[in-house]
Structure formats: C-alpha cells, structure tokens
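Following the hints, put chain C in place on chain H, whose structure we already have.
Protein chains in written order, with our numbering: chain H, 1 to 153; chain C, 1001 to 1687.
Some hints could be false.
[Unchecked claim] So the derived list for chain H, only partly shown, Cβ under 8 angstroms to chain C, looks like this:
hint : residue
1    : Leu-30
2    : Pro-32
3    : Thr-34
4    : Ile-47
5    : Asn-48
6    : Gly-51
7    : Val-53
8    : Pro-55
9    : Leu-140
Treat the hints as calculated values from the structure; they're not laboratory data.
Every residue, glycine too, gets a C-beta built ideally from N, C-alpha and C.
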Amino acid sequence: MGEELKVIVFTLAHEEYGIEVDKVRTIERLAPITRVPKTPSFIKGVINLRGIVVPVIDLRGRFGLPESTTTENSRIIVVAAADMEVGFIVDSANDVVDIDTDTIDLPPEIVGGIKAKYLRGIAKFGDNRLLIMLNLSEVLNKSEIIQLEQLEV
Amino acid sequence: MDMNAYLSMFIDESNDHLQSLNENLLRLESDPEDLSIVQSIFRSAHTLKGMSATMGYEDLASLTHEMENVLDLVRNSKLKMDSFIFDTLFKGLDALEAMVQDIVGGGTGKADVTSLVASLQSIVKGDYKTSGASAAVSPAATNGQQATGPALLDEFQTSVIQQSIDSGHNVYFIEVEVREDCVLKAVRAYMVFDLLGKNGDIIKSEPPVTDLEQDKFDRSFTVFTISTLSQQELETQLSAISEIEKVSVALLDLESLAMLNNAAKEQSPAAAPVQVEAAAKEEASKQVTTARSQAAAASAAPAAVSKTIRVDIDRLDALMNLFSELLIDRVRLEQLSSEIRRNDLTETVEHMTRVSSDLQNIVLKLRMVPVDSVFNRFPRMIRDLAKSLDKKIDLVITGADTELDRTVIDEIGDPLVHLLRNSVDHGIETVGERIAAGKSETGTINLRAYHSGNHVFIEVEEDGRGVNQEKVLQTAIKNGVVTEEQSKQLTSEDINMLIFAPGFSTADKISDISGRGVGLDVVKSKITSLGGNVTIDSVQGRGTKFAVQLPLTLSIISAMLIKLGSEKYAIPLTSIVETGIIQKEQILNVHGNRMIHFRNAVIPLVSLSKVLESPDFNEHNESETEIVVIRKGDKWAAVTVDEFIGQSEIVLKTLGKYLTNIEAISGATILGDGQVALIIDPNALIK
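Here chain H stands alone, though its shape is the one from the complex (with noise of 0.2 angstroms):
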C-alpha cells in the first residue's frame, strides 16, 4: 500500500486528468483574457486573478491536440510549480479522488497523442477508470514554449 495522493481530476478531449491537490492554487471559470503578442499559439494570453497578473496556456494547444472553442464547462486551473503559476484552460474540472501511489504505472510511449515525457504515470482509480497524471516540470517546460514537437502518431 502506497501512499494516499489527493488528485484534481479533469478532462481534456474525453481523457481524465489528474494534478496533485497541491500543486493546484485555484480553480477558476473562464475570464476575460489578454492576448500577449509574439508568443507561441497555445499561451492564450494572461488574465488578472485577484490582482496578480497570470499566464494562462490551453493544455489542449500545449500537448498539440484540436484546440476546441470553450463551453460552459471550460475551467482554468491554476496551478504553481516549479516558482511559476500559471493557469491551464481544460474542457472540465469536476473532482478530487484519492489515489494509491502504488496504482500509479508508468505511462505507455504515447497516450491520447500526448508525448509521455509530460506524464507523470497512469493511476487506475475507482470502477476501472484510467487517470493520467501530469507531468508539470515538463509541461511548463519553457525551453520548449518556442518550438513545439510534433507528434508521430
């Protein structure tokens, strides 16, 4: 038996996610957001969350997946790591579980078109539910914001 981790879970294209509880500063609902010029297409641009300027990024752009149009439902994540916060627009954020560390697998080369370096691993939870876990450091990975990799799917 492993240890217990508290996980936010949401969904980007039909797959569930997971970020550590404690990696997550907040969750919000879509705001008004400022266009930052000569960055890269997924840094949707920078909203104002109760007075601190904060990046914002579309995961789905990031992991080179269709960018969709927002719904009722898209949430920003907010989240520090790594001395930076920055807020990841999702389809969906709908729950905390607890997972068993031990459950957690090392992710298979290429999950849902997503690279597996920015994986954490593949957590099973509840009735047979599959949960990827985020890898952050990678994901906001800034050496790789200029220039994105293309998938070889």
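Just chain C now, kept in the frame of chain H:
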C-alpha cells in the same frame, strides 16, 4: 537587560562614525594642515572608543584607543601627518570596519590587532621612521584583555581613567553599603548606577552589575566612575537614596590609581583562580553596566538623536502592495462615477483621487534613498586603488543626493564598484604615461548621478586612455567572443560593447583589481536584471564614459492608455514626447521605410498593430491616424495607434516567470474594469 536593543544602535552608530572617520581622513589627506579636521576625526574616534568599550568589544576599543593617541599628538601639533601615518590609520579603520562587520554578522568582534597597535605605538613614540613599523613593542603589553584577570582594573580601563584624569575630569572610587534590613538591594544598587550614569560614565563595578541586579552581593559594592559632579555633590546625592547605610567617595589621582592597581596585583596570586572563573561573567557584566550608562547618556541628550525611525523594508513592500490594490479600485471608482454622473459621488471620488495621489507620493518617497549611501564608500576605495597602482586619481562625485528606490540601491553597489575599479585599473594611465601623453599627471574620474524622466542615470567617466578598439577586437576574436567574419561588420559602438561580453578581458596581466574578465559582463547582466541598461562611450586617448540607466521606481508609473481595436495597452508617459493626428498623405516613403515630418525632422513611423500582431486593427484602412511620438535618448519615433483612452496611474505587474522577454512588452497592469492591459516598452520600438 536586552543587549540586542543596544547592539543595533551600536552597529548603526559605529558605521556612521567609521564613515565620517573615513571621509575626514580623506579630507585631511588632501589638506594635512587643517587641524579642525583632526578635531572632528578625534571626536569620532573618541566616541567610537567609548561605545565599543561600553559594549565590551575590547579589541575594537583598544585599537581605537591607539589611533586616538596618534591623533591626539597630531591635534596638539606634536606630530606631523605623513603618508605612513595615513596608511596606518586607514589600515586601522579597515580593521575596525572588519570588526564591526563581524559583530553585525553575529560574531564577537574580536580580531588580532597587535601588529597594527604596535605600528600605531611606534608612531606615538616617533621611532617608526628609524625602525619602521617593527614589533618593538611587545604585543602582550598592549593586549588589554590579559590584564583583566588579576588586576582590579584592566589596562584599558586604567588608561581610560588615566586619560580622564589627564584631561581634568573627576574620577571617583565609590564604596556603597546598603542597610542590613534593606529588602530590595538590587533596586538600591540600580538607583546608584542610574544616578552615576546620568552624571557621567561608569567604568567598572565590583561585584559586576549582573550580580548586583540579581541580589548576588552582600551589602557593599564598589564603583569606578567618571563624573561631572564634585566629590561633595556626589556624596550627598548618593546618600539621599534611601536605605543606603554608608557612601564613601574618593577622588582618584594618578598616584592613588597606581596604588590601587599595585595593591590588586599583590593580592592577585590568591585571588587568581576565582578571578579567572569570574572572568567570563565579568565580561558580560561589563557590557551591561556600560550599556546602561550609554542609554542614560542617550536620554540626557535627546537633541543629538535625529528624528527617524527604522522600518523593515518588508513592511514598506506590504504597504506598497496594499496601496497598489487601492489604486486599482480608485480607477474603477472613477470610471463608475463618470458613468453614474451624480455630483456628490463625483466630488467624493475626486477628493479621494487627490488624497490617494498624495498618499502615493509619500509611499513612493518612503522607499527612496539617496545614492550617497552607495557613493560614500567610493572615495576611500579609489584612494586605496590608486595608491596600490601608483596612480594619481581624483574622484569627483556629483549628484550624490539623487534618490533611487531602495531595492535598486541595494543592488547597484557591486556593479558600480566593478565599473570604478575598471576605470582605475584599465582607464587611467600611470603618471608617466599621462605625462608622455601630454595630460595632467592626476587622472580624474567623474561619478555622476542625475534624474531624467523616469530614470536615474549614473555615469562613470574618466580621462584615461580610452578603449583600444583594435586590441578589443583581437582579444574578442582570440577568446571566441566573435568570429573574424562577424568582426568586420561591427560598428565602433558594437566593438565597445564587446568588453561587456562574458569571458572578455584586455588586461595584459591579471591584477587583483580587475582583469579576470569576470567583471564587466556581470555588471551588464546585473543592471539588465534591474530593468536598466549600460552604455559605453569612448574616445581613444581621451577617456571612457560608462552610463548606467536605472528605473526610478519599480512599482507605479504614469502611462498613456491607448486602444488598438479591441485591445488596450499602456505606454509609459515618460517616453512620450507628444501625441497627434496625421493624415495618410503625410506619410513619406524613404527606402521602403515609412517616415513622417515632425518638428523640422523626419522620424520613422512605427505601426504598433504590426509590431503587436493586432488581430482586429489595421491603420492602413484609416485616412487619418493617431500617433504617439516617443523617444529613447535622442532618437524619436512616431507610433501609430487606434485611439487614445487617456492618462492614468498604473501599477506595474510582471507577467510572471513563465512569460519572459516578450518583445516590446515590459509588463502588465490591471485596469479599473479588472482587465489586464500590457505595458509597451517604447525602447524596443526604436531601433
């Protein structure tokens, strides 16, 4: 008693005194005949000695004491200053500074000063010229601490007393006995000390004050004190304290002092073991005694205390942040009131606006510190450097009262030290070279600070040999900073900037002053990280000027808000020359670049919508365009915008660490409606 309260006071005051010692000594060096300077040096040294002795920093006190001896001779015209004396005194100051630094860092302030003390003593004896700064004097004799054990008074205390007697002060040996039925002995003892402290200085007490305070004494105690009162006055005043059985006050002269000491020494073999045990305790107690007398002295002379308080910078930061929030709400209120159009609301909001802009000025000023706090250590540094390199250099400082944000001040010291060292080492030539080049033998370094717009400029300009561009290029190519190909296309400005490249150094030999090739690139990156920049201007054979440009404050600025289609941006007001409207026909085409006539000059026209990739605005569709004329140094440019919104105070916010180095954007701000607007960096728009 809490020593820490006095410690910070001691540190602050010591630093002030050391600073003034340094300054005055420098002044004296340029004008050795002026005895009034010696007087003020003497005073500073004397105060410093007293303070460190009271705080129990023996080494600090004994060194200052020796320096004071030398100064005393100079003051009384018994000794003439020469370069050896100056050097020794400066070395002494360095040692003092190091000790104070040690205390600041939580150390004990102890240092081996015997050799310095020896050279100072040889100066006093006048034999330094013949024997040099020899160790003729046995170090042990000067080491005040060794005497602490056996003698009733240690050497330092004895010498303080001797000096006081010499200068005509009254020194008393007081024996106090409290009544047998006295309930609060400690309180009585305290009252005695309080009285003595108010009227003079307490040199030593037996048993030590800590013991006295904790009732750890039988019925009597003895005190050595220097007092302004006469013997009789002292006796009556002390007897007036209730529950005191007997007071005997004896006026000390040199003879009786010697007798007392001898008597103590004779007793010492028997008393030694006890004394040694008590030594540590005594040390601590001495600090307490004197700290109290110092406190008493401070309360007696309130006029000398300046009306300032020290505030933790974090609190100022918190104040600033809260104020920024307020400012955002203010803008929002202004917007609402202009929509609602009710007179009383408008008036209230206007009043609040005025109050908050006053508040803003004050909050910003709170954080401003004159650059003098950085500059004041440079004269000494330049003197020492010049001396060690055998060069003659004048440092001329102007604009030391220019104020800068505290956070910038804290960071700017090191880069300036680098630049100055560089100027002394690489810039100014040796005396021989200067004469050969037909210059005056003394080189001049100008250190200037001044305000310009929202920036402060700090310039380091010397009249030395200037940048040797050929040599710079050779080295740059040799060190792989640029390739030979690239080097051909460099302008002379580019070549000058090469010396800021990492791993670059043109000095033929490495000196310990500069020339390791780590200096100037560090300077550049430091200044850039502060939001400033550094430029270099040099004429070979004539001199070099480094100009450092720094932002005045890092938090609130006035800006012009503009619209670009649906987007809003802010342009810092300080870069704006004026705004205007131009017709499409007025735009000229020069070599494919769009230019306009502006005040008898032709300046480039920059399309903001193109630079910022605006999604829904294009000025080509308009027959007349609003322009903002901006400047960077003496270069101007016109920037086309869609619409002016107005002028506003904005709070600078960073875009966070995820988004760095976005071209043409220097930050963001939050507008009254809660939206984020980006701040345009006008410098990036002018090439």
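Violated hints, by number in ascending order, as checked against the structure: 1
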